[in-house]
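K.L.:
Here is what each chain is made of, one letter per residue.
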Amino acid sequence: MLELRLVQGSLLKKVLEAIKDLVNDANFDCSATGFSLQAMDSSHVALVALLLRNEGFEHYRCDRNISMGMNLGNMNKMLKCAGNDDIITLKADDGSDTVTFMFESPNQDKIADFEMKLMDIDSEHLGIPEAEYHAIVRMPSTEFARICKDLSSIGDTVVISVTKEGVKFSTKGDIGTANIVCRQNTTVDKPEEATVIEMKEPVSLTFALRYMNSFAKATPLSHTVTISLSSELPVVVEYKIEDMGYVRFYLAPKIEEDEEEDTKPKV
Amino acid sequence: MLELRLVQGSLLKKVLEAIKDLVNDANFDCSATGFSLQAMDSSHVALVALLLRNEGFEHYRCDRNISMGMNLGNMNKMLKCAGNDDIITLKADDGSDTVTFMFESPNQDKIADFEMKLMDIDSEHLGIPEAEYHAIVRMPSTEFARICKDLSSIGDTVVISVTKEGVKFSTKGDIGTANIVCRQNTTVDKPEEATVIEMKEPVSLTFALRYMNSFAKATPLSHTVTISLSSELPVVVEYKIEDMGYVRFYLAPKIEEDEEEDTKPKV
Amino acid sequence: MLELRLVQGSLLKKVLEAIKDLVNDANFDCSATGFSLQAMDSSHVALVALLLRNEGFEHYRCDRNISMGMNLGNMNKMLKCAGNDDIITLKADDGSDTVTFMFESPNQDKIADFEMKLMDIDSEHLGIPEAEYHAIVRMPSTEFARICKDLSSIGDTVVISVTKEGVKFSTKGDIGTANIVCRQNTTVDKPEEATVIEMKEPVSLTFALRYMNSFAKATPLSHTVTISLSSELPVVVEYKIEDMGYVRFYLAPKIEEDEEEDTKPKV
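Quick mapping for you: the protein sequence lines, in order, are chains E, Z and D.
All the letters of the first sequence, read from the start, carry residue numbers 71 to 337 under my numbering.
All the letters of the second sequence, read from the start, carry residue numbers 71 to 337 under my numbering.
All the letters of the third sequence, read from the start, carry residue numbers 71 to 337 under my numbering.
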């Protein structure tokens with residue numbers, strides 16, 4: 071028997087909005103310690119990892135480990151029917167082929183339950199080793215989303231280059247070139263407005279903007295985004311979910327043979 | 071000669087927004103007591119009845135009964151040109167084949183008049199007898215609109231079931247099932263937020279969601295909606311227009327032969 | 071060398087939004103006294119003239135007269151990447167075939183530079199003589215925009231008729247006719263809400279609404295619009311840019327042979 075009660079139900083709504091365009095079908099894995107998901111995007115280029123730890127739920131009961139295959143589009147359709155202030159409870163009986171989402175309005179006047187069929191989905195869980203990154207950038211998530219959107223109107227790829235002074239996002243396309251530099255800045259009124267750079271060595275990597283824009287759909291989940299870069303590893307774009315866990319996106323850099331200088335530091 | 075001056079012109083704008091998608095052409099009937107309309111929707115399934123009583127107008131002159139055929143799409147195009155604070159006056163000369171809508175801005179700086187050709191429309195006026203209903207539900211109109219919209223993302227029909235405890239809206243579709251229960255609740259801060267159920271006997275009826283969503287376009291006209299249900303009668307979905315009258319929608323329940331249990335009480 | 075620094079960068083964003091749909095490619099002319107543009111719309115019916123005087127820039131350096139051919143759609147794509155509070159600097163080296171737009175966020179944390187290729191555009195500069203107009207109407211720009219949009223839902227052309235009492239905008243179409251009269255009104259709380267008419271003689275002219283709606287895209291640039299009318303001249307629709315200059319649109323009246331009375335005063 072599974073019963074997870076999340077007072078801040080809007081979190082689950084935002085999680086689905088963040089990943090539903092990237093991943094069609096996925097297994098949600100539920101254990102005694104938390105509710106998680108790991109899935110490749112439909113073109114098998116990016117990886118999404120979600121964790122919602124048990125302590126973030128008001129009530130968390132998971133008698134045995136269970137993996138529930140869901141169509142994320144359908145799940146999102148149901149979660150859109152929850153109000154932003156609703157409490158969401160996810161329920162499944164042992165051996166059942168359905169999952170139930172229950173939505174309670176704050177004053178308990180309106181109770182909805184939505185039942186969805188589960189799917190059998192083949193998936194292998196990748197072990198993602200802890201890694202050392204050359205550079206870690208923490209910045210306001212809305213700023214990152216704006217930059218990815220703006221650069222998309224000029225080009226298809228973004229070069230992210232980090233030095234101690236700041237992080238540079240560059241692109242070029244038929245109509246011209248664009249460079250946007252965000253300076254390290256820790257003297258802001260609110261900590262979530264800071265741009266903080268931890269750097270072991272300069273790094274410059276190229277990524278498809280299409281994916282960065284998909285990742286940025288997680289912006290409503292967190293005020294800040296953390297971008298971890300290393301020349302031998304996929305970039306990690308992480309949105310922390312307060313007191314509960316995270317959504318992390320992994321994407322391999324593009325190797326552009328005719329533009330090898332793009333992989334060297336440039337800022 | 072006809073001259074109807076409505077200080078709160080936005081009411082007429084909202085009336086047109088509420089019915090223009092359901093009804094293409096209709097006769098507006100004007101008598102000494104009020105301005106009214108009765109029309110079937112274009113697929114002859116639902117009926118709309120509008121009444122604006124004479125006492126709701128600042129000035130109301132109607133020398134003799136007159137029936138004016140109008141295309142509601144065109145009438146809506148003209149009324150959209152009125153500002154939300156404008157005074158609207160409707161004028162027609164005896165025997166004229168046109169009607170004039172005059173819009174006056176609150177400070178009288180801007181005066182617009184729009185003249186529209188009238189149409190000859192065959193229509194028979196149905197007598198709608200007063201009836202006793204098994205159950206009458208009064209609830210916030212925005213809540214009803216939200217429920218109809220939410221259920222439409224899951225299924226095509228809604229089963230409305232009423233017991234003393236509350237009203238349940240249910241649907242099912244390819245991706246699963248949904249039930250939304252609104253409990254009777256009269257202890258709210260504002261009377262228009264109450265959900266009040268008057269019930270003689272439990273009732274459970276099935277309707278096409280497409281029509282319910284059309285009716286819900288009248289939501290801006292009133293804070294509350296009243297749903298009157300009886301197993302032998304069309305449902306009445308009524309939006310009262312303060313101090314003036316109402317818009318009422320009538321829709322026959324669906325008889326689903328393979329799902330006869332749907333017509334029995336279920337809450 | 072050219073370097074123009076505009077603290078209120080949103081002005082340049084609004085200028086591009088105002089003219090980009092009307093004009094595809096145009097030469098921006100830069101001299102010691104200001105930054106200007108004159109261009110026909112793509113169907114060679116309307117003329118746009120822009121002036122931003124040097125004194126409106128925080129820093130203005132233009133060593134020699136230069137004409138820079140730009141695609142306005144591409145320029146607009148780049149300017150959309152500037153924040154509304156950003157400082158915009160336009161730079162070009164002598165003899166360069168590119169122009170650079172630099173955007174600085176108010177706190178200097180984010181610096182972007184966008185480089186765009188220049189184009190060779192054939193254009194001849196028309197001398198526009200100062201003229202005497204029969205009537206000049208100054209009115210709130212949002213009011214004018216609303217009237218043009220409203221009338222477009224009824225007809226394709228607008229007759230603008232001016233008398234001492236006011237200005238009348240009329241149209242007719244398949245569904246009927248519309249007349250909107252704005253009265254002279256100088257006793258308003260805010261000067262930008264006034265409707266002021268200077269008239270030497272009554273005038274009544276017909277214009278294509280499609281162009282008027284294009285011109286009205288300049289509405290965010292100014293609270294008021296000035297419409298200068300004369301029976302022998304193109305109408306001038308002018309949006310003043312505070313402390314800096316203007317955007318002016320010129321459009322020849324339509325001569326409707328079968329409706330000659332349209333050219334006589336009618337208000």
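These are calculated hints, taken from the structure and not from any lab test.
One or more of the hints may lead you astray.
It does not matter which identical chain is used: a pair holds within one copy or between any two.
Claimed, not checked - Here are the computed lysine to any residue pairs in the SDA-like style, where the Cα-Cα straight-line distance is at most 20 Å:
(1) K234 - R216
(2) K219 - E87
(3) K83 - I181
(4) K270 - G126
(5) K234 - D179
(6) K234 - E194
(7) K287 - D244
(8) K150 - D259
(9) K234 - L196
(10) K150 - A215
(11) K242 - A215
(12) K238 - R216
(13) K238 - D163
(14) K90 - N177
(15) K242 - M172
(16) K161 - G197
(17) K187 - S300
K.L.:
Determine which of the earlier numbered hints do not hold for this structure and return their numbers in increasing order.
P.N.:
1, 4, 6, 7, 8, 9, 13, 14, 16 and 17
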